[in-house]
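Residue numbers (my numbering), protein chains in the order written: chain S, 1 to 332; chain Y, 1 to 355; chain P, 1 to 367.
I should point out that these hints are in silico values taken from the structure, not numbers from a laboratory.
Mixed in with the good hints, there may be bad ones.
[Said to hold, decoys possible] Okay, derived cross-link-like pairs now, DSS-like style, lysine-lysine, Cα gap no bigger than 30 Å in a straight line:
id, chain 1, residue 1, chain 2, residue 2
1, P, 72, Y, 248
2, P, 123, Y, 273
3, S, 49, S, 266
[To be verified] Which residues of chain S face chain Y? A few of them, derived with a C-beta cut under 8 Å, are:
id, residue
4, 117
5, 119
6, 182
7, 229
8, 230
9, 243
10, 256
11, 257
12, 268
13, 275
14, 291
15, 292
All C-beta atoms in this analysis are idealised placements derived from N, C-alpha and C, irrespective of residue type, glycine included.
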Amino acid sequence: MKALLKTLCEAYGPSGSEGPVRELVRAEIRKLADYVTVDPLGNLIAVVKKQGKSGKKVMLAAHLDEIGLVVTHVDAQGFARVQASGGVSPLTCVGSRVRFANGRVGVVGLDARRDDMGKIPALSEMFVDVGAADRASNPLQVGDVAGFTRPLEDLGQRLIAKSLDDRVGVAILIETLRALKRTPHEVAFVFSVQEEIGTRGAGVAAFGLDSELGLAVDVTRTGDTPNGLKMEVALGGGPAIKVRDSGMLADPRIKDLLLLRAREAKLPTQLEVLEGGTTDAAAMQLARGGLPVGCVSIPTRYIHTPSEMVDYGDVQQCVTLLLEFLQKPIEL
Amino acid sequence: MTAFDLLAHLKTLCAVPGLSGYEGPARVVIEAAWAPLVSAVRTDPLGSLWARRAGHGPAPRPTLLLAAHMDAIGLMVTRQEGDFLRVTNLGGIDARVLPGQLVTVHGRQDLPAVVGQPPAHLLPLAGREQVTPLPELVVDTGLPAERLRALVQVGDLVSFTQPPIELPNGLLAAHSLDNRASVAAVTVCLRELQTRAHAWDVLAVATVQEEIGPRGAGQAAFAAAPALAVAVDVTFGRDANTRDAAHKSFALGGGPTLGLGPNIHPGLHAAFKAAAARAEIPFEVEAMWEHSGTDAVAMQVAREGIPTMTIGLPLRNMHTPVEIVALADITRAGRLLAEFAAGLEPDFMSRLSVD
Amino acid sequence: MPTRPLTRRSKPAQALPPALDLELLRALSNATAVSGDEGAVRRLVLEAVRPLVAEVKVDPLGNVLAVLPAAKRDAQRVLLAAHMDEVGLMVVDYDSDGALRFEIVGGVSDRMLLGKPVLVGPKRLPGVIGATPVHLLNAERKATVVKAAAMRIDIGAANAEAARRLAPLGERATFATEFAVLDGALRGKALDDRLGCALLIALLRAGPYPVELHAAFTVQEEVGLRGARVAGYAVAPDAAFALDCTPALDLPDSRGRENTQYNTRLSAGPAIYVSDGRTIADRRLVTHLTRTATASGLPYQIRQPGGGATDAAALQRAGAGVPVVSVSVPGRYLHGPAALVRTADVENTLRLLHAALTGWTPKVLKP
Numbered sequence: 001m002k003a004l005l006k007t008l009c010e011a012y013g014p015s016g017s018e019g020p021v022r023e024l025v026r027a028e029i030r031k032l033a034d035y036v037t038v039d040p041l042g043n044l045i046a047v048v049k050k051q052g053k054s055g056k057k058v059m060l061a062a063h064l065d066e067i068g069l070v071v072t073h074v075d076a077q078g079f080a081r082v083q084a085s086g087g088v089s090p091l092t093c094v095g096s097r098v099r100f101a102n103g104r105v106g107v108v109g110l111d112a113r114r115d116d117m118g119k120i121p122a123l124s125e126m127f128v129d130v131g132a133a134d135r136a137s138n139p140l141q142v143g144d145v146a147g148f149t150r151p152l153e154d155l156g157q158r159l160i161a162k163s164l165d166d167r168v169g170v171a172i173l174i175e176t177l178r179a180l181k182r183t184p185h186e187v188a189f190v191f192s193v194q195e196e197i198g199t200r201g202a203g204v205a206a207f208g209l210d211s212e213l214g215l216a217v218d219v220t221r222t223g224d225t226p227n228g229l230k231m232e233v234a235l236g237g238g239p240a241i242k243v244r245d246s247g248m249l250a251d252p253r254i255k256d257l258l259l260l261r262a263r264e265a266k267l268p269t270q271l272e273v274l275e276g277g278t279t280d281a282a283a284m285q286l287a288r289g290g291l292p293v294g295c296v297s298i299p300t301r302y303i304h305t306p307s308e309m310v311d312y313g314d315v316q317q318c319v320t321l322l323l324e325f326l327q328k329p330i331e332l
Numbered sequence: 001m002t003a004f005d006l007l008a009h010l011k012t013l014c015a016v017p018g019l020s021g022y023e024g025p026a027r028v029v030i031e032a033a034w035a036p037l038v039s040a041v042r043t044d045p046l047g048s049l050w051a052r053r054a055g056h057g058p059a060p061r062p063t064l065l066l067a068a069h070m071d072a073i074g075l076m077v078t079r080q081e082g083d084f085l086r087v088t089n090l091g092g093i094d095a096r097v098l099p100g101q102l103v104t105v106h107g108r109q110d111l112p113a114v115v116g117q118p119p120a121h122l123l124p125l126a127g128r129e130q131v132t133p134l135p136e137l138v139v140d141t142g143l144p145a146e147r148l149r150a151l152v153q154v155g156d157l158v159s160f161t162q163p164p165i166e167l168p169n170g171l172l173a174a175h176s177l178d179n180r181a182s183v184a185a186v187t188v189c190l191r192e193l194q195t196r197a198h199a200w201d202v203l204a205v206a207t208v209q210e211e212i213g214p215r216g217a218g219q220a221a222f223a224a225a226p227a228l229a230v231a232v233d234v235t236f237g238r239d240a241n242t243r244d245a246a247h248k249s250f251a252l253g254g255g256p257t258l259g260l261g262p263n264i265h266p267g268l269h270a271a272f273k274a275a276a277a278r279a280e281i282p283f284e285v286e287a288m289w290e291h292s293g294t295d296a297v298a299m300q301v302a303r304e305g306i307p308t309m310t311i312g313l314p315l316r317n318m319h320t321p322v323e324i325v326a327l328a329d330i331t332r333a334g335r336l337l338a339e340f341a342a343g344l345e346p347d348f349m350s351r352l353s354v355d
Numbered sequence: 001m002p003t004r005p006l007t008r009r010s011k012p013a014q015a016l017p018p019a020l021d022l023e024l025l026r027a028l029s030n031a032t033a034v035s036g037d038e039g040a041v042r043r044l045v046l047e048a049v050r051p052l053v054a055e056v057k058v059d060p061l062g063n064v065l066a067v068l069p070a071a072k073r074d075a076q077r078v079l080l081a082a083h084m085d086e087v088g089l090m091v092v093d094y095d096s097d098g099a100l101r102f103e104i105v106g107g108v109s110d111r112m113l114l115g116k117p118v119l120v121g122p123k124r125l126p127g128v129i130g131a132t133p134v135h136l137l138n139a140e141r142k143a144t145v146v147k148a149a150a151m152r153i154d155i156g157a158a159n160a161e162a163a164r165r166l167a168p169l170g171e172r173a174t175f176a177t178e179f180a181v182l183d184g185a186l187r188g189k190a191l192d193d194r195l196g197c198a199l200l201i202a203l204l205r206a207g208p209y210p211v212e213l214h215a216a217f218t219v220q221e222e223v224g225l226r227g228a229r230v231a232g233y234a235v236a237p238d239a240a241f242a243l244d245c246t247p248a249l250d251l252p253d254s255r256g257r258e259n260t261q262y263n264t265r266l267s268a269g270p271a272i273y274v275s276d277g278r279t280i281a282d283r284r285l286v287t288h289l290t291r292t293a294t295a296s297g298l299p300y301q302i303r304q305p306g307g308g309a310t311d312a313a314a315l316q317r318a319g320a321g322v323p324v325v326s327v328s329v330p331g332r333y334l335h336g337p338a339a340l341v342r343t344a345d346v347e348n349t350l351r352l353l354h355a356a357l358t359g360w361t362p363k364v365l366k367p
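Only chain S is shown next, with the shape it has when bound in the complex (with noise of 0.2 Å):
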């Protein structure tokens, strides 16, 4: 999975310019489903068909996008002034690399003169600077998206990549559908768009479907660095299982379903209360007449900043527990 992760990771595809990380994904499961579909917003859905007759419609998702940075302006020297998509810190933008659509390479620096010298910089006293001489060689327009660049470390246990939020996602679906072999359910695996701007994707592909229960897979935070948040999941605990985050309640009879298939099986678990983050379950909750929910999560560190890190074992145990949880019955 370390090079799938590696590919997927270091693609391409901030919100709403999905398609180079969906394309890839495409190639991955083509012929691993019953078919394959793309929806009108870009979601990316594979179907495996219900093979026994007491199984129910599940949906799972994870996201396709990743957060990044749009040009608001290009000033006439050639420097591009830039918006946030999605969730961006400035903190970790300073003399990082972006990459555009069309592979163009970019530093982000920094007005060295500011209005608060004593402050956080914000993102409007930044700029992207692509090498360009001045406004008309400049090959960037307003609206153009770039993602950050960074290769993906593996150090063994623990992995550091941009973008495991949430490409670590994709992976552990690509996976789950490899391997599966047998179940009574028919299961539709959504390789969701524009979760980042706002879980937009994953609402329509859930009224699309109208699915009997549906699971996300994300990523979530971890309280186990220096002075870090007060939260109880860790890397190396094993998948965290949500309880509820800022967006949804997860339901309890998916939760404890979920706990029970980990305990069969022997694996490790944490128990996830999140403030301050959500994901594409919160939308597809929503759905329709309702779909009860729930969110399997990959602890990870340094959430939205080039440099994510997580422990290679409690993805490789979220893979075992998906497969526990989809080749047995579901009784909610």
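Add chains Y and P to chain S, keeping to what the hints say.
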């Protein structure tokens, strides 16, 4: 029909927890009260309770949906720190009223507890003079750490368990009157409809997760596709604490409020005024200039759009464990809903206009 | 989900060039229609639209939904939305001296209100939002922005009962500005989005098109895009365009620096959105618009990505999802008593949309 003890019904409703997302215990009690009054009950995918009374009109009959949210605000355990629990809010908690509150921790068993205020010298330097924010408070069961660890885990719920207090002039002070008081109003309505003919189907829905949304009412409206939807919820009661917001607060005992604004269909507002006049029920008009802050926000924009109305019960000290409501207002709201439902003619929709 | 009706071919009509009806725009701008109370504009729209379309109806929230059948078979369904509501005020209480207390509906800054004339209620009673005489203020108060909660509307009523009779609780009020044609410019209140409504009516008049054109004149955009949400669900289009107005913040920076946050500029043409605070436009629709503009020799600008929203945000999430894009006329001083737009920008926006609809083929939405 036996005489209805509204006070006892309200106390039963408030005696059970039913926090947003975990409404189960409240649903059981509400189902027990509503099931004898309707022809069919069910629970929907997100946990809302549906109770349908069939009308006598010719099929296909339009449906009037009455929504009263059954969830209440509370707290949730985020971690254990020694003998103490740290918590986060479920819904709009007012940190000012927390220190010293009586609560119950719903772990492997129900554990009576107290919200503890740490002494000032243990709090962060900045803001010591101000209200202590929720992350700095503790919930204390009195148990030592090892016992606590065996009984409580991350995600367990903590509810308020202040016993209700009967006050003079037919007032009741209790926690969770937001929104169990409205549930009781719907009970009154369903009871009244036992002896009144109504052409339309009346679908009472005890909705979930209003306090963190609404997340539930819109989904019920999508599935039920009613022709009309009414949200019954509490509104601000007038007292010394709401003096600065005179137009947003209403006297207890003056009857329910009728909402007016973009979230309310003007034709429905007029029809409710007429029903109140017919049944001689006092009311106040409640100006809601943008949205109503109720389940009606979600129900109005379900499917192709649904004409919605809001009925408000004046309530003092909202979102504290000492909310106060006038029993007479609950009865009046229930009777108003029944009068409106009974007065709905089969062709009402053809005469309902937004202009 | 609603089923789609068969696409009917409409009679091939004489191809009229699209033209803006300034007198209709004047009536639309002057009409009072605050979010949730759009009746006055709804009547004008219904009257203008009925003779132009095959079917028109008013939905449960008050949206006007009209259908202009396609000029060819098997046409795709395209929805255009413009909102009828404007930001304004609601009467919520009465002082004993007859003054009206109000709350703001939609986004109006407190700064825009003080010392302005208003019209109250369906009878358009004239009133003013008064202010303490400046002679009576100390330096600190002169510099302090007055909050709306401290302001009152004076309709000249003698006392609270008289005021309540003249302006019952819940009545809406708007700025009293009269629409005016300036030299190459238009000035009026509620140009956001009566301009969009006028453009949509002009487009209906200049049809038919190779698409089944659904026109949604929506309600309650300013309080949460609520009309568009149900209209999108009901129509279930293949693509949707929101027609709106967006701020032109192209004023000079007082520190002499370049203004790099202007959102849009006057005279730079129709503003096409690639993204705003709540929507990322479908790239194919953006490309169709920019290609059409270039081929037709029309100017256009890309609205700076950033905050704000249009009905497109609600339309995009209808049902199983809809590709959307917004096109706006740039305007200065929106959400206030007197907005300013340049006539050329309005006409170019109309021409661009007309050309985009006329030049529509199934290739536009090819994956």
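Do the hints match the structure? See the list:
| no. | hint | result |
| --- | --- | --- |
| 1 | P:72 / Y:248 | 55 Å, violated |
| 2 | P:123 / Y:273 | 22 Å, holds |
| 3 | S:49 / S:266 | 28 Å, holds |
| 4 | 117 | 23 Å, violated |
| 5 | 119 | 17 Å, violated |
| 6 | 182 | 26 Å, violated |
| 7 | 229 | 10 Å, violated |
| 8 | 230 | 6 Å, holds |
| 9 | 243 | 3 Å, holds |
| 10 | 256 | 11 Å, violated |
| 11 | 257 | 15 Å, violated |
| 12 | 268 | 14 Å, violated |
| 13 | 275 | 6 Å, holds |
| 14 | 291 | 6 Å, holds |
| 15 | 292 | 5 Å, holds |
Hints 1, 4, 5, 6, 7, 10, 11 and 12 from the earlier list are contradicted by this structure; the remaining hints agree with it.
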